[in-house]
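Undergrad: In order, the protein sequence lines correspond to chains D and P.
Take the first sequence: its letter number 16 is residue 16 in the working numbering, and every next letter is one higher.
Take the second sequence: its letter number 52 is residue 52 in the working numbering, and every next letter is one higher.
Just so you know, these hints were derived from the structure itself, not from any lab.
Note that the coordinates shown come from a computational prediction; the quantities given were computed from them, not determined experimentally.
Note that the Cβ used here is the ideal one computed from N, Cα and C, for glycine as well.
Possibly wrong hints are sitting among the right ones.
So, partial list: chain D residues that the calculated Cβ filter (under 10 Å) puts toward chain P [as the list claims (entries may be wrong)]:
1. Ser23
2. Cys37
3. Tyr61
4. Ser83
5. Thr106
6. Pro113
7. Pro140
8. Ala145
9. Leu147
What follows is a list of derived Cβ distance ranges for each label pair [stated by the list, open to error]:
10. D:Arg160 - P:Val95: 20 to 26 Å
11. D:Lys25 - P:Thr2: 38 to 44 Å
12. P:Val71 - D:Trp8: 26 to 32 Å
13. P:Val71 - D:Val95: 22 to 28 Å
14. P:Thr2 - D:Gly154: 44 to 50 Å
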Amino acid sequence: MGMAAAFWLMAVVAIVAALGVVSLKNVFRAALSLILCFITVAGLYITLSADFLAAVQILVYVGAISVLIILAIMMTRDVPHGSPGNRLKIPAFVVAVVLMGIMVFTVTRTSWPVASESPLVPTTAPLAAKLFSESGFVLPVEIGAVLLLAAIIGAIVIAREK
Amino acid sequence: MTIGLQHYLILSAVLFCIGLYGALTRRNAVIILMCIELMLNAANIALVAFSSYIVPLMLTGQVFAIFVMVVAAAEVAVGLAIILAIYRGLADIDVNNINLMKW
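With the hints as extra help, turn the sequences into a complete structure.
TA: In C-alpha cells form, the structure reads like this:
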C-alpha cells in the first residue's frame, strides 16, 4: 500500500516535471524542473529496491550533471529568447503520441515472465561482485573508465579559450 | 491495486516520449541536451524495472543502468563543451541558426 502510494506520487511528479522541462519558457526554470525529475527517478529506484542506483542517481545526476547544465545556462545567458519551439510542433507531437501508443500497447499486451522471488536488498555488495568479478563485467568497466577519461580531455580541449 | 512491472514500463514510455517531443521541438541547444537526459533516465527506469521484476537475483539490468549513467555523464560533458564552443564563436545556441555545416 505504501509502495503503491509512493509509486503514484513519484510517477505524477516525474511526469509533471518532465512536461515542465519541455514547456517552460525560462531555461533556468526548465533546468530546475529537470532536477526535480531526476530526484523522483531516484525515488522510483528506491521503490524498485535498487538502493545503490538511487544513491548514484542523486550523486551523478542531481549533483554533477545538473551543475554542469546550470553552468552552461549561466555561460550562455545572453541568448535573447529563452526556449522557443520550432515549426515541427505538430508533427513531433504526433510522432511522440504514436510512439507512446505503440509502446503502451506492446507493454500491456505482452505477458511478462515475472519472477516470484523478491529482489536482493541491499544491492551494493552483489553489484560490486557482478561488476568486478572474473565472469562479470570487468572489461566494460575498464572501457567505461577510458571513455570517461576521453570525455574529460575532449571537453577540456573543446571548451578551452584559444 | 499492486504496482507491477507494467506500471513502471508505461511510466518509462511516457517520460521517453515527453523527452522525444522536447528534443524534436525545442530550439535551445541546452534544452535539447536536457531532453536527451530525460530520455536516458526513462530507459534507465525500464532497465531497473526489468531487473527487479524478471531477474531479481541477477542485477544485470542495474549493471546496464550504471553503464548508461557513465555514457550519459560523458555525453553531457562533451555536449555542453561543444555548446559553449559554438556560443563563443556564434554568440547563439539556437539550433536553427547553427547551420555552418549545412550544405
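Undergrad: Taking the earlier hints as the rules, which of them does this structure contradict?
TA: Every hint satisfied by this model.
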